[in-house]
Structures are given as C-alpha cells and as structure tokens.
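Chains as they are written, first to last, in this note's numbering: chain A, 29 to 321; chain B, 1079 to 1372; chain C, -12 to 341.
Hint data in this document are derived by calculation from the structure and do not stem from the laboratory. It is possible that some hints are incorrect.
Distance windows between CB atoms, simulated [unchecked claim]:
no.: 1; chain 1: A; residue 1: L214; chain 2: C; residue 2: P75; range: 25 to 31 angstroms
no.: 2; chain 1: A; residue 1: G117; chain 2: B; residue 2: P1095; range: 37 to 43 angstroms
no.: 3; chain 1: C; residue 1: E103; chain 2: B; residue 2: L1081; range: 52 to 58 angstroms
no.: 4; chain 1: B; residue 1: T1133; chain 2: A; residue 2: P235; range: 29 to 35 angstroms
no.: 5; chain 1: B; residue 1: S1264; chain 2: C; residue 2: D189; range: 35 to 41 angstroms
no.: 6; chain 1: C; residue 1: T315; chain 2: A; residue 2: I226; range: 50 to 56 angstroms
no.: 7; chain 1: B; residue 1: S1182; chain 2: A; residue 2: P235; range: 29 to 35 angstroms
no.: 8; chain 1: B; residue 1: F1158; chain 2: C; residue 2: T115; range: 33 to 39 angstroms
no.: 9; chain 1: B; residue 1: G1266; chain 2: A; residue 2: I226; range: 36 to 42 angstroms
no.: 10; chain 1: A; residue 1: T65; chain 2: C; residue 2: E182; range: 38 to 44 angstroms
no.: 11; chain 1: B; residue 1: V1356; chain 2: A; residue 2: L234; range: 35 to 41 angstroms
no.: 12; chain 1: B; residue 1: L1221; chain 2: C; residue 2: G93; range: 25 to 31 angstroms
Covered by chain B, per the in silico footprint, the following chain A stretches (three or more residues, Cβ under 8 angstroms) [said to hold, decoys possible]:
no.: 13; stretch: 107 to 117
no.: 14; stretch: 283 to 293
Pulled from the structure, derived: some chain A residues nowhere near chain B, Cβ distances all over 12 angstroms [to be verified]:
no.: 15; residue: F85
no.: 16; residue: D91
no.: 17; residue: R121
no.: 18; residue: E215
no.: 19; residue: E216
no.: 20; residue: L221
no.: 21; residue: A223
no.: 22; residue: L234
no.: 23; residue: P235
no.: 24; residue: I266
no.: 25; residue: T304
From the three backbone atoms N, C-alpha and C, an ideal C-beta is built for every residue, glycine too.
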Amino acid sequence: MTSTPTPGPAPGPDQAVSERLLPERRQINWLRWATVTIIVVSVVLPGVSLLLRSFAFRWHYPDVVPGEWGLDAWTYTIDDTSRVFESLGNSLRIALLTTTLALLVGMPAARALGQHQFRGKRIVEWILMMPIIVPALVAAMGIHIVFIRLGLTATVLGVSLVHLIPATPYFVLVMSSVFANYSPALEETARTLGANKIRVFRYVTLPAISSGLLVACLFTFLISWSQYVTTVLIGSGILITLPMVLFPFLGQGNAAVAASITLIFVAPAVMVLILTSRSLGRGSTVMGGFGKV
Amino acid sequence: MTLERRQTPLRERLKIPLMLTPAMAVILLLFLGGLVAGLMQSLGYFPAAGLTEFTFRHYVDAVTDRNFLVSLWTTFRIAFSVTLLSTVFAVGAALVLRQRFPGSRLATFLFQIPLPVPHLVAASAVILLFAQSGLLSRIGAALGLINAPGDFPAILYDNASIGVMLSFMWKEIPFVGLVVLAILQSVGPQYEELAQTLGATKRQRLVHVLLPLIMPGVVSTWIIVFAFTFANFEIPLLLGQSFPTTLPVQAFREFQRPELTSRPKGMAIAIVLAVITVLLLIAYRRLARYSRST
Amino acid sequence: MTDVSLVHLGRAFGNKWAVRDLNLEIASGEMVALLGPSGCGKTTTLRMITGLARPTTGDVLFNGSSVVDVATERREAVLIFQQHLLFPTMTVAQNVGFGLKMAGMGKGEINRRVEEMLERVELSGFGTRKAHQLSGGQQQRVALARGLVTHPKVLLLDEPLANLDANLRITMRHLIRSIQRDLGITAIFVTHDQEEAVMLADRIALMFDGTLQQVGRPDEFYRHPRTAGIASFFRSQNFLPGTRHGDVVSTGAGDLAVGHNVAATGDGPVVVTARPETLELSNRPGGENNLPATVTSAIYMGTHTQVFVQLADTTWTVHAPPSVTLNTGDQVFVELPKEHIWILEDDSAAQDGR
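Using the sequences and the hints given, assemble the complete structure.
Structure (structure tokens):
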C-alpha cells in the first residue's frame, strides 16, 4: 500500500515547532581554550614587548609599561653609524640573488621530479634533499678556503652561493609538489590546439603554478634573509647583513636598539605571511610536502 | 624481416638529465664539494696552513677534548627535548585547530606566524620576555608573585638551556603543527566517523585511527626538526651558557681562531656533526621502509 | 532484532532544512532504500541515525527507545561509506577486526570471527594483505565485513556501490542482500540510483529536497507514483496535463475516462501518465481514450520500436512492435487504456522548488 506522508506546513528553524526541539550539546572545551590562549599569548606578547621596548626611553623595573617614551632607539637605528641601512641593502641584495639563482636551477629539477618517472629518481631526490638534514654550516666551513682562493669571500655572489645550499632543496621540494599536483595533460591539450612551447608556458603552465611559485620564492627569500652563521663565515665579517648587526645588540647591547632592529628584521616575514596565509592554511599542499620528505 | 626501430632523438633522451643538471650541480659542487673539502681538512690536508699530511690526529684531538662529550650530550639533549616537546604540542594544536569554531581561522593564522620569522627574532623575543628583568618578570611583580628580578627563574644562559629550547619550540611547533594539520585535512573526518560507528571511543579513535594516519608525516618532520636543532649555531650561542656549549658552536669557535692550524680540529667536530645527521637520516629511511613493508 | 523509527526527524543548517519532519518505520530485518537526487537530505538522515549528526527536531528510536542521546560508538549502528575507507596502516584482518578490538575482545576470538567473516565475503586468505593490495571490489567487501563482524543492530550504507563498475555492482548487490538476510540485520541504504533501490530494497523511501515524498514497495513507484515529480524520477516521460471532473479528465488532446487509478484527490488540475509499454498505436479514431497524435520520430530498438509522438503540446513515448514503421509527421491515434493510465496530483509548483 502506498503510504502518503503529509508533511504539513513546514516549520522553519526560527519558528516554534510542536515537536521536541533537541538542544545542541554545549560543553566548554578546555583543551581548545587552552590551545587558543597559548597561541594568542605566544604570538601577541613577543610582538607587543618588542614594540614597547623599541619606543621606551626609560623603563624601570618593575613597571609593566615604560615610564617614559622616546624615539632614541629608532633614531640610532636609522643613523649611518648603526650600519643598519648598509646591512639592510646587503641582506636584500643577497636574498634576491639567492632567490633568482634558486629559481633558475630549481625549476627544471622540480619539474623533472614532480612530473616524470625515471631511473635513479630516488637517488636524485636523496642528494637534492640532503642539505635539509645535513647542516649547510659544515659544507660552508669546508668550502670557505676554496672561496677565498676564488675571491668569492666577502662578495654578494659568494654569500648567495652558500645560501643556495639550504635554499635549493626547499625550493625544489615545494615546487616539485606543486608540479606533482598539476596535470601535464593541460599542456598537451594546448599543444594539440596549436600553442608553441613558449605560449604553453605563458598561458597554461604559469597561471597554474603561479601561487605555488610565489610561495616557493618567498620562502627561499626568507631562508637567505634569516641566514646568520654562513654569512658571517663567507662574508668574512666585511660584508655585513642585518642579522649580523642585530646579533651583538642581543648579547649585551642596548635592548631598545635590539628591539627596533628586530622589528625591521621581522618585517619581510610578516609581509610574506600576509601574502601566503591562504596557501599555507587549511588543506595546503605546500606544508604537506614536508610530511613526505 | 626485422623491423627497424626508430632511434629516440638524443634531445629526448637527455631531457631529464638536462633538467636535473643545474640543481644537482649546485648541491654536488657546493654542498657535497664543501663536505669533501671539509673532510680533507679534518684529515689534515690543508695546504693553506702548510699541512699536507693525512692524519686522524685532529679527530683524536677533537673527541678526546673533555669538552667534546659534554657538548655532544648538551646538543643531543636540546635537540631531543625540542623535537619531542614540539611534536607533542604541535599534534595537540593541530588536533584543536582542524576543528571549526568561532575564531578558528584567526587562531590558525596566528599559529602560522612564527613559521617565516627568523630564529634570531625568536631569540630576541625570548630575551625580552624571559630575562630576569623581562616583561614576564615585570608582570609577575605587578601581580605580586615576585619582589625582585632575582626571584624570576633564570632560564637564559642556564644549565638546562630552557631559553634555547623555548626559542626553538616557538619556531618548530608551528612547523610540525602545520604539516600535521595539512595531513589531517587531507585525511578528513571520515575515518574517525567510521571508527566511531564501529564502536571506537574518543581515546580509541585518537590512538588507533588518527595517530597511525599522521605518524609517517610526523616522523618526517621529526627528522627535519631534530637535524635543524642539532646543527643550529646562533640560538645556543646567544641564549645558552658559554660552557658547556653545543657542537656547532664549538666547531665554529675552533674554526674561527686566528691561527689557521686549529681549523682542522674545528672541521673534525663539524664532520662528526654531519656524520651523526647522516646516520640519523639513514636510520629514518630504514624505519620508514620497515614501517611500509609491515 | 531491531526496528527503527524516525519520528518527526529534522535537521536544520541555519535557516535551511536539510531534512524536514521525516517519519518512517523500518521493521526488524527489513532493507529500506533512502532514494533521492543528490542534496536531498538522505545522507544527513543516515548520519542522524548513526549519531554523527544531531537532529534539530524529532527522535530516532531503536526498538521503541530513543537513541539520540546515545553516543555513536555505543549505538551499534554501523555506517559503510561510499569510499571503502579501509585504514591504510592496517592489514585486511586488522581492518575487519577493528570493531571487535575496540570492544575489548580477546585476540583468539577476534581472529576466529574475522576469519569466519572473511570467508563469508569470499576473501579467505586475504587477511595479511594491506588495503592498497586489493581491487576496488575486494576493498568494498572488506569494508562490508568490517561493518558486519560486530553484528550491529542496524547496518547503514551510504551509496555502497557507487564507486564500482557495472559487473561488480551486480555481484556486490547479491552479496549485500544475502548477508543482510542471513544475519537478519535491519538495513538502510542511501542511493541516488532508482534501479539500485528497486533491485536491493524491500521498500523505498523517496526524498526530494529534505522531505519524504513516498514510501512503498519498489513496484508501486512505477505503477502508482504519487506525483509527476516522482514518476519522472523513475524515468517516466509521459505527462499530459488536464483538468479532472469526476471520472473524466479533459486534456488538450481530448477527454479521457478515468478508472480507479487515481492518486489525486478531488477535482481540479491533474497530470495523466502511463508507461510506454501499456500504450497502443493505431491509425484510426474510435474506442475509448483514443487520442490523436503526430509522430515526431521512431527509433528501432531491437525488441520494440520506440515512437515519440506529439500529444497536444507534450511529447509521449510509446513502445510499438518492432515491425511497425512510421515516419516523422504521420498522423496516428494513441490508445491510453483506462486500467493503465494513472492520474497524478499536479505538483509542477513543487518541482520548480528543487
């Protein structure tokens, strides 16, 4: 027998319904609360304390907020004697050159690893990924004497070449997972439709990989930007980068100056984060790549 | 009749090798070349300092130095603690952050912040917060918990290297956490829902379903974090005590002495450092293969 | 033995109802198909039965007692997903034994039951393999074994056959049906494929847009659909609108005498439908319910000729004998036998809504 249900007037959720409305289970999730609190505190507190410190003129213990404010630290920081501007320029030049070189050498390899199967692939992956595990410092120490002989020490090129050691593996790692998620069938379709190789790259490949490429480049930039000991070594103490100016202030120097230089030093990282937060966030292939090293 | 096979053009056959050449050249020349050059120096072949005789003397020197074992232990202890604690906190954070709740997107964004931030910045922040006259000490004083800076626990330049570990963990927890988060999101909630209908309680789902699923990724990041912490130079130099220090600091100090003849010893320490990480890598590969085959 | 009752069951997301006031009784040992197009709320209904989704209104009863406050893991309602979802880190045997292990059963007993169950799904000897070493069909059988080994009260299947190819689907269908009957488990499965529902289910519950449309034996959906929307979901193509006055329906092609096959209540706008194989073509007028029509095309199908005719301003399909040859534009008469036509409520307004 056909039973014919009679739904009657459909109750909207905002209306009162005659049937029992079940309350949603609500319980305070302590683990969630604790986690979120720790995250917020551990990010906000350092930022706030750096800002306070850099604008503090007098900050006696135990005041939580500076007693007197001032721009002295910033005035010193932007003055030529601090060498902040000089080192900032060097840091930028080195990081940009490193990124460019990593892009040039890394793209073809990333594509080969991401899209092709070939004999010896595992060995190639092994070799290319080794600097992620084996410290670049050791290689830099070994190669130092060679760089002296080649006149590469204390040059932007020399320092960039050493920064390439940790930068290349990360670039290849990120880009090969980008290429692995991108189907070459799109390119083949474009070829059959009469596009030449350059046009295929320009109109098909590049748009598909551009966001991954941006992430890879920005992170390569930051790897170089953050390098300290390898720069000290190959820069011979003559080519000064920003972390090298910052370092002595962190030891026993003026804490306010240390805070203001730190803020300049962290600026590119914050900008990168804002640019890439979408691609790093939920369901990211970029971070997932590290899980497969 | 035999069919004549068409030859694959040379360009086709060389395509993959050519694509790999630039990156391989960088790694082989700069990285492996550097390691080999370093190995030669550590073995006593260092013409620039007038040394041309191969010898294990520098290794013996380095290893028998009474600082060596203490430094090795310190380095290992820091790296191991940081890796273990970071993994535990990161997995916990990832399990919370994958849920949707009001503010979850913002919390995830904040969680990512330390990832691109240089380690020196982390050190700088730790100094400002945890020094005995730092912000936390001041907050403690304002709350009446302590009276003087000396009452605040000394965790910078300390025996236990707590300041060093805090700086590392500030950076590494988000790194491991985001990798785990990415894995959890690609897995989705379905395995857990399935296990739940099969009678698995919350704890059983965590132990029998989630942890096995994220384990391979966690072990990968575990290796990266350990190796990184093991070889880092600036954080222990800045926040650790001057003795005993860590192996990278010790190696670099020897290496940077004005007299070139002490370089081989520094190099020997550095090579030991590299060998330990290589052994670690091989052990991991074995482990990964073993866990795949069973 | 468990019977399941869904009482005024509903789930809202914000202001939108995914499932609305659903009432359904499922007898112990019965197999019911929840059928409907994607997004109609059938999966949500299944999730509410398992406890993975919490109902906004109403209740789920197992053997007459409410289970909405029973946690999923204690409900003994097993859900089998469309993607087999075998735990990738476990062997086949570990997968099948998962539920028993969670219940704290001893190793020996687990092994015995797992082996028994693997035999039942024709996978003896596969216990030590890993999921990725199995074919799609084998994986689905493992998923089935894993779900049934704990002897759950209710078996719920979410599009269990959707990822399998046509041949595998037939064998899996038989397997699922025979195991479910042998074990006497109450089963509810979700599908969007009306053929699958017809072949597998004792009864079908059809849902559109979060609302239950019709519940009944499979054949009733073909012979006596309640609305034109339901009929067209069951691949019916012949619909002629008209107005009913007692035993007569006036349509654009002429008046039709109506028998007892009436779903619509009272006079007013209705839709007339009939299955293509019950219709007859002739080239002369006369007789009851013989309406004039124009041939638009005729396709030879081997066992019959499928003829499309224009009837008033609607297109009807008629199955004529294979020997019939007709050309586009031929004038014919379609006989709609009184006992085979079916008068539906005009639900064109409701159809627009989905």
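Taking the hints in turn, this is what the structure says about them:
no.	hint	verdict
1	L214(A) <-> P75(C): 25 to 31 angstroms	29 angstroms, holds
2	G117(A) <-> P1095(B): 37 to 43 angstroms	39 angstroms, holds
3	E103(C) <-> L1081(B): 52 to 58 angstroms	56 angstroms, holds
4	T1133(B) <-> P235(A): 29 to 35 angstroms	59 angstroms, violated
5	S1264(B) <-> D189(C): 35 to 41 angstroms	39 angstroms, holds
6	T315(C) <-> I226(A): 50 to 56 angstroms	53 angstroms, holds
7	S1182(B) <-> P235(A): 29 to 35 angstroms	31 angstroms, holds
8	F1158(B) <-> T115(C): 33 to 39 angstroms	36 angstroms, holds
9	G1266(B) <-> I226(A): 36 to 42 angstroms	40 angstroms, holds
10	T65(A) <-> E182(C): 38 to 44 angstroms	55 angstroms, violated
11	V1356(B) <-> L234(A): 35 to 41 angstroms	38 angstroms, holds
12	L1221(B) <-> G93(C): 25 to 31 angstroms	55 angstroms, violated
13	107 to 117	violated (count 0)
14	283 to 293	holds (count 5)
15	F85	16 angstroms, holds
16	D91	7 angstroms, violated
17	R121	17 angstroms, holds
18	E215	14 angstroms, holds
19	E216	15 angstroms, holds
20	L221	22 angstroms, holds
21	A223	19 angstroms, holds
22	L234	17 angstroms, holds
23	P235	21 angstroms, holds
24	I266	14 angstroms, holds
25	T304	8 angstroms, violated
The earlier numbered hints that this structure contradicts are 4, 10, 12, 13, 16, 25.
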